[in-house]
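Undergrad: All chains, please: the whole structure from these sequences, using the hints.
Residues per chain are reported as follows:
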Amino acid sequence: MNAETGIGASVLRKEDARFITGKGQYTDDISVFGQTHCVFVRSPHARAKINSINTDAAMAVDGVIRVFTGGELVEDGIGDLPCGWVVTSKDGTPMVAPPHPPIATSVVNYVGEPYAFVVAETLQAARDGAEAVEADFEILEAVVDTATASSSTQIHENAPSNQAYDWELGDKEATDAAFAAADHVTTLDITNNRLIPNAIEPRAALGSYDAASSTYTLYTTSQNPHVERVVLALFVNVAPEANLRVISPDVGGGFGSKIFVYAEETAVIWASAKVGRPIKWRADRTESFLADAHGRDHVTKAELALSSEGEMLGLRVKTIANMGAYLSTFSSSVPTYLYGTLMAGQYKTPAIYVETQAVFTNTAPVDAYRGAGRPEATYVVERIVETAARELNMDPVELRRKNFIPPDAFPYQTPVALEYDTGNYAASMGKALEIADHDSYAARKAASEGNGKLRGRGYSCYIEACGIAPSQLVISLGAGVGLFESAEVRVDVSGSVTVMTGSHSHGQGHETTFAQLVSDRLGIPFDSVNVIHGDTGRSDYGLGTYGSRSIAVGGSAIDRALDKIIAKGKKIAAHMFETTDDQVEFAEGQFSYAGSNEPKPFAEIAGAAYIPAVYPLDELEPGLSEKAFYDPQNFTYPAGSYVCEVEIDPSTGVTEIQKFVAVDDFGNVINPMIVEGQVHGGLAQGIGQALLEHGIYDADGNLSTGSYMDYAMPRAADLPDFEVDMTSTPCTHNPLGVKGCGEAGAIGSPAAVMNAITDALGVKDVPMPATPHTVWETIQQGA
Amino acid sequence: MYTFNFRRASNLEEAQQLHQSSSDAVYVSGGMTLIPSLKLRLASPDDVVDLSRIDGLSAISSADGVLSVGAMARHCDVAATTDIPALAALANRIGDAQVRNRGTIGGSLANNDPAADYPAAVLGLGATIHTNRRTIAGDDFFVDLFETALDDGEIIMRVDFPTPKRAAYAKFANQASKYAVVGVMVAETDSGVRVGVTGAGACAFRLTSFEDALSTNMSASALAGIDVDSSDFNSDLHASAAYRGSLVTVMAKQAVEQLTA
Ligand SMILES: Cc1cc2nc3c(=O)[nH]c(=O)nc-3n(C[C@H](O)[C@H](O)[C@H](O)COP(=O)(O)OP(=O)(O)OC[C@H]3O[C@@H](n4cnc5c(N)ncnc54)[C@H](O)[C@@H]3O)c2cc1C
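Keeping their order, the protein sequence lines are chains A and B. For reference, each letter of the first sequence is one residue, going -2 to 780 in the working numbering. For reference, each letter of the second sequence is one residue, going 287 to 547 in the working numbering.
Hint data in this document are derived by calculation from the structure and do not stem from the laboratory. We treat Cβ as the ideally placed atom computed from N, Cα and C, and that holds for glycine. Some hints here could point you the wrong way.
Said to hold, decoys possible - Sample of chain A residues at the chain B side, in silico, Cβ under 8 angstroms: (1) PHE626; (2) THR649; (3) SER701; (4) TYR705; (5) ASP707; (6) ALA709; (7) THR768.
What the hints assert, rightly or not - Lysine-lysine pairs mimicking PhoX-like chemistry, simulated, CA-CA at most 25 angstroms apart: (8) B:LYS464 x A:LYS656; (9) A:LYS656 x A:LYS450; (10) A:LYS399 x A:LYS428; (11) A:LYS298 x A:LYS656; (12) A:LYS450 x B:LYS464; (13) A:LYS87 x A:LYS315.
TA: This is the structure we're talking about:
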């Protein structure tokens, strides 16, 4: 192995040279001959009936080519935007999915929902045209609030009580029994604030139809171009699958919001054939705020049953999850299978019962956002564990240690469906406490108090589940897709390698990590590996990148393809050594045979594969290129311990994070620098959720935080110096022993911050985000 | 953006003349306020008259105890001055580096955003505003929300800040926009103690109760117990009127502590 570039080396990211020098090719950087521009006409009302739409004035605007309304798509057979996971309610009925036409036809249900779009020669003309579209709305009463949605006016005809589903998981009777036998019950009412994703690159799409070949090419900002293609072809009926190519070039961040199939790309690809010219759209920032799928937005009541010694006996969780106006692509799975299943956390809690009622409101659809369900679960578990410790006058560290699943209990079957393969929670906790100078806290607290500040400390021991799998299990639970990944390893004549992956990199650094994996296993130079992704015309069907699945599933698929390459290489080498392939060894880039002292380097075998002189072609096909589809046996279970110390200025309510320690167990790590970067980004988002970010709608359903003037994103100056370290229990069921690191920081950190803030203030709860104003008001109420 | 005519004036007369001859004209300096509103189609002037090429408008000079700042001086230019450290520090905390590299003092004052920083300096330091038509005392300049004493087409040319004996500015920044939720300039000047407050009300104002208390005792403790009437203060997503009221005192104390340190 090459220590500079192999597995475990912090190789600088290949892709950064082009990103940093402005050479990236993002969707909006791509222009094609004859291109037109498109602007969507969006609802100014949270809920209204569309009586009529008049496009005459818009058509009269100079430069406007066509104005489309939703009805035209329906007439042309364009289907609704589907939700790909059917969740079943307690009573056995499938969830209610209200009709979701890409372009609204008869009603609009959130501010920003498109009801028409204008195609024009220039962006300016399209804007002018969009302003000239006249709609006659009959404004209806809007539903905004999560907690009261089910008792508010009904939004969708087929959804009484505005309910999408009422789901449960776990053993209710066993849980009730645990509560009946408990010495102590801790109750916590908490909310998980709505977040707006805010990728740096706004969503964009360029749809182009080639009449000569009847093929469509869609360039778009997608985290999973194959899923985009299959949904647009099979469900939305834009084009036959064979005639639709989806290319997702460089993408500037997704965080989940670019997983989904949206109205805009559907409209431009469909309309490109109607107009007969390519159509480009790029969201402006206001559109991103209004019409990207939002995240979180839960209202939860949690109860924890304990013995007087602090043994966790049972957990009961009842959550109302705001789905927004419609069910977005994977939204239904987020507050259920990615949430309820995580309620055991790192603990032995024997009885757990979770209920989730998903409700509709007149707000933007809510779907997966970095962590997707797992941050919400961790927030519930880690907040209530800490609260229980305070109520029992126990050290929250001790209470956790007492209840951790011990290392010798793996594989561990939780009461909420998942089976954890491996972990060592006390090890991460121990390391985190050491780094955090746990024992000298009293002195720091005294120093803060001496300065008139309040100091608090909080912990969060999260667990998460990455690389959602296996396919047959998730399909049996209602998923409409498998969750494997594809890989193809093409060896060139000279021994360099091109890898096609179904994963998609939009900031994660796959071009580097995957190249390290390949170069390490084949013993070839790092620079002779190229990774290609994001094009349905080039790579096999794959499922894309989200849920921290890329290395665990996509990386494992590459590893499987490499097994096949090596196996074939051995066969070729065997002919050269005049032996059988089981006698050939492959290590450090060399094929060797005990009967020969002249090992064959990988490049020589590659050459021999393509200049097939040395082996019989009736036995062995020429060439060296292999594919694999990898379907994991289980999720992977990254886990970690986070410690946060805050100092609060009671006069202003300002919280300053003075210490943030994150110790994560990601199993084996390919590139520690990239992993650390992922942790930093995740922590920034989690701390952003805890302290700054809040998507707020007013009572009429207008987005009050629709720009950076009002929606506070975390900046470097808002964040402390993170102290990041790792422990490792390699995953037992994938070939690389890897777990995935993309979401951990965002999952674990909010609870650590809020536990520290509530500790400092001596209160049970402060709603997120704990802005200075909120903290100040909390202090005033106590005063 | 809607289409408009961009007119670049090379001198004051031309700027005024371009403004007068248009039915709907607006000046642009740094554009940090105007351009976003044009891009969002919230403003649709026929003519945009650029002041940036007018000679002398961006000069900064100091003489006879007065720091004279040209209207076109950018926030970063003011941040680099040394005569009045409190003013330089204030300019250095406006927005972010990009905004400070474009935004101007004239644009900021003419715009009179209730959360802008400079108005606190104008009132707190007792500045005078010179326009192409007259001289306006800082105390008379800020009229109401986004409303100033400027007449239509009147151009700010420079702002004269008398150098105080000592002064300090404390700002509580909005976490999202970085504008002032509350900003307080406290200064001991030749004409007495002045306290200018921005962010709290419809426009910046002087807080005479604080001025009186600090005149006899320039210490944070002098402000204890003085009631700040917050009933007319701004109340929005980020801060209630009561919170702003409390911040006025906290920021004033911080400023006094800085100034006496
Ligand atoms: C992201 C961001 C953050 C910001 N944060 C802050 C902050 O923390 N604190 C703060 O105080 N401000 C802040 N600002 C506002 C910034 O300081 C602006 O630069 C300032 O308000 C306007 O100055 P300008 O030169 O850009 O004016 P312009 O945008 O060019 O003009 C603004 C208005 O003033 C008029 N005008 C301009 N110059 C003159 C003149 N010489 N005479 C008469 N009228 C004139 C114009 O016609 C226009 O109506 C922020 C702005 C942004 C975009």
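Undergrad: Hint by hint, note whether the structure agrees.
TA: Evaluation of the provided hints:
no., hint, in the structure
1, PHE626, "violated, 45 angstroms"
2, THR649, "holds, 6 angstroms"
3, SER701, "holds, 6 angstroms"
4, TYR705, "holds, 6 angstroms"
5, ASP707, "holds, 5 angstroms"
6, ALA709, "holds, 4 angstroms"
7, THR768, "holds, 7 angstroms"
8, B:LYS464 x A:LYS656, "holds, 24 angstroms"
9, A:LYS656 x A:LYS450, "holds, 15 angstroms"
10, A:LYS399 x A:LYS428, "holds, 17 angstroms"
11, A:LYS298 x A:LYS656, "violated, 30 angstroms"
12, A:LYS450 x B:LYS464, "holds, 23 angstroms"
13, A:LYS87 x A:LYS315, "holds, 13 angstroms"
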